[in-house]
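For this one, chain F is given, so just place chains X, B and S on it according to the hints.
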Amino acid sequence: MKEIKLFLGPQHPGMHGNASVHMYVEGDIIKRSYLLPGMLHRGFEKSMERRTWMNNIALIPRICVPEPDTNEMVYAMNIEALAKIKVPERAHWIRMIILELARLSAHLMAFGGIGGPTGLYTAMYWAQADRDRILTIFEEITGHRVYHMYIVAGGVRKDLPKGIENKILDFLNDLESRLPEYEDLVLNNPTVRARTVDNILLPAEVVWELGVTGIGMRSATGQEYDIRKVAPYARYEKVDFKVPTATYSDAQTRMTLKYQEMYQSINIIKQAIDMMPGGKVRAKVADGSALRWRVPAGQVYSAVEASRGEYGYYTVSDGNTMPYRVAVRGASFPQGLLGVEKYMPGHRIDDAPLWFDTMGICSPEIDR
Amino acid sequence: MITGILTGFGILLFAFVWQTSLDGINRKIVGRFQKRIGPKWYQQFRDIFKALSKTGVTHGWVFDFGVMMALGGIMATVMFLPVVGYSAFPGMDNFFIFVYLLAVGMLGMAMSSVGSGNPLAGIGVMRALTQMVGYEVPFMIVILGIIFGHNTSSLSELAAIQQASGIMTWNLVKMPIGTVVAYISLLGMLGKKPFETFIAPAEIASGPMVEYGGKQLGMLMIMHEFATFIEVTLFVTLFLGGATTLFGFIAKYFVVYILASLISNALARFKIDQVIKFYYKVPITLAIVQALMVVFLGWGV
Amino acid sequence: MNKDIKNLVADIKSRFELVGEDYPKDDQAALDFNSRDIHSVLAYVKSQGFRQLSILSCVDWIKDNQFQLVYIVFNWETGIRLQVRTRIDRSNPKFTTVTSIYPGAKYYERDVHEFFGVEFEGNPDSYKQLFLENWDDMPPLRKDFDSKAYSDRKYPVREYAADFSKAGDKK
Amino acid sequence: MDNTVEKQENIRKGWDGISRFFRANSIWMLMYCTGCCAIELPQAMTSRYDMERLGMGPMATPRQADVLLITGYLSLKTLRRIIYAYEQMSTPKYLVAFGPCTLNGGIYYDSHAVINRLDQYLPIDVYIAGCMPKPEAVMNGFNDLIGMIKRKEANGWKKYEQNKDWYRKNQIQALGELRIKDEFHE
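Read top to bottom, the protein sequences are chains F, X, B and S.
To convert, note that position 88 of the first sequence is 87 in numbering that gives the first Met the number 0; the numbers rise steadily by one, no gaps.
To convert, note that position 93 of the second sequence is 92 in numbering that gives the first Met the number 0; the numbers rise steadily by one, no gaps.
To convert, note that position 2 of the third sequence is 1 in numbering that gives the first Met the number 0; the numbers rise steadily by one, no gaps.
To convert, note that position 31 of the fourth sequence is 30 in numbering that gives the first Met the number 0; the numbers rise steadily by one, no gaps.
Isolated chain F (complex conformation) (with noise of 0.2 Å):
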């Protein structure tokens, strides 16, 4: 049979985010394919070089869009190990906060997006919706609906505004009665198990080879390999919460998965806006100007576990005003690029885009 040559994306209805997948198919399994990123590349570790410690903070989280939040604390997190600041214990709470809020966003829209690839686009919508909600509460929050800067080395920006906890309390109690109607549309519904029930299966020996993290990881080994449990930062170990596991990974596992792990952040957010104690927010870092504020020599990775999986950041200084070096482990590098290459080929083309959806792959962490 003929090889022919297919594109999917960078213009594709079928992509998220803007990347292309070149796969060779006969008939209609693709048999070879390979990953072309790039096209969001915008060279953020020269340009980080190129900025003072404290500018860095407005480029940081546009290195990945939908969950810009983990890149604020990795950074946050490098220069407080290099420069030993104590952050106030209520920044830490802020700090789960916000972080978990994002995750319930980027699983809102991950969970929706699963209506592209399958056409199930009511899904999306209900999810978009939801999200938005979100959005509007982080605006209240930190003044800005997507990148918030508001994670800053010493704690964080300002402190909460007055009644943003019963806003979102009243936002998780909603979702949560709402989450159920999710399950019945996306995961319960025939017509997505029939695409999603044993398809495209992520051994557990491939996560193993690839690297891959978060709930991919842990969809296939069935151990708790999340670093909120392993290394946990912030004040996650004082939150009690479940991370839901399984030992046979295919998209409907990893879906479910998605699916429960929302719940776990909303309650991950209750007990914290519960236990959340008063007090400073945020440390003094410099004596006068932070633009001019140097920080220690030294060589730190600091690792947060994104809606994706581990996020992290390698992070290199000199003692000078600015980084000499941060290099960016985004959580979907190793199935974005190695996994689209080795484990993709076998697939039918309709797979395609649900493979790079259930994968959970993020174009512009893999680009930076």
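Honestly, the hints are just simulated from the structure, not real lab data.
There is no bait here: all hints are sound.
Taking beta-carbon pairs under 8 Å as the criterion, some of the chain F residues facing chain X (in silico):
| hint | residue |
| --- | --- |
| 1 | I3 |
| 2 | G13 |
| 3 | G115 |
| 4 | T190 |
All C-beta atoms in this analysis are idealised placements derived from N, C-alpha and C, irrespective of residue type, glycine included.
Just chains X, B and S now, with coordinates in the frame of chain F:
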């Protein structure tokens, strides 16, 4: 003769105006289903005329000719339809005429989009033809049962027979299994989910439509409206007893079409192999059961 | 400092020649090795539970005329992270691939090759362009590459006719 | 003789007016997320802001689309694909640029991979301010575009056709060559 032609054009005009408005209304209803406001009811007219006002791109004469053939074939088919007792060619509304005339339009479309040379269009056409094989067989078995039971294949006669004593003589009541099968086939014909496989925007970027823009796209949209009109009218005539008044026709048409679209918006799309497996498993079994009931037990006659 | 880390570092010390060590965080150790030891170190730590290569990165120490390769590995059972580091010559940057130990390193090596120009022998695709297209200058993350100058040379900037700060003063 | 010319001119003008009415109220956008501003597009499209009220909707391929949204910064690699897509669209076509990155490079003014001025390479009809523009701003920008189409001001595509050599020269200066084989990475 003159009245016949005038009636034909009248039916064409009615078909276009009604189906296009309904499409707009449908978009509004779907919008409400998805918790938003939705466009104005005449949005579909705007879209079609906008597309016609743009320049087109050609990919060779097969591409252009195929579009004309598709639109012409479908328009010819519409003119043969009996609507509310009006018919351009009385006595020539045999069911099989529609089966064959409809194929002319579809083939024109297939020819044209393959002529564009885009591999996605080729895949789309292949899927469309495969899907056609899927839904035509159960549909035909049910229709043959009806024709056998009523001893006629003329649409207007079939409608007249069903109108004999109200709702009890509708094929919907007399052959409920067949109606369900035909409705599932109708979903496939209309390209509603879960049988949307051949356009599948997220997989093959709208399949056969991938290379059309401007005028050709406008013509194809008109063709799509006509094709929808034919398919839904066939269903209404064959199973809901046709209609004697315009209002009755519109009401039945509305219910059939909107129901299909609501079903479509709560489901995901099948893969093409799943489509065929589904059609050859469930509807074909039901269709054979229905045919056996009609032929051997005489139920539903 | 974590007790596990102490034991681990002592264990590694007994087997390999350690050039330098640093503990930037409680659960993190940064260990420097000679470049010839890297493969055996990585193979050893992988057998000790560090099954995941989080990132392979490179730092350009232009003053020392050296590149520093950093392999960050993670142990999911204990939550300990190791930075396995080595320095290679900057003027002739060559190293051997670690894809036989960590297959996931393949694209990280391509990434480092593209942005720093380090060649990885044994990685068949490492010379191919990935993120950039038609790149016509030195690898962009090297310290002597000036991205502002490149941008100015290649992409025209907008020149504003009106100076709005002065226009405000008039009033 | 003059009379018929005038008549034809009138007919052409009338037809033009009618088609502009339809074009203004039915804008199909190309579903191409070129940058980060695209993250607010789903919000503008879906239930809260509902872009379909304006008659706008996403379309799968450039051939069908009327408006190309440049959502934010453009890396060189994307610029090349944008030019392909833009030249495939059938006229009349419009370009809407989001955010400061399209205007002067924005926060990426010194990046080696991001262009600084989009209007050097493609003609822009509407700019939308904000990093990133909120959905309200996006909707407002589309309203502006509709107004411009009605007033016959959205003529970027004509400008592009008339000054193609100039645009092409700039494109080639940035990209090296316009059409390349992109199998280099496989």
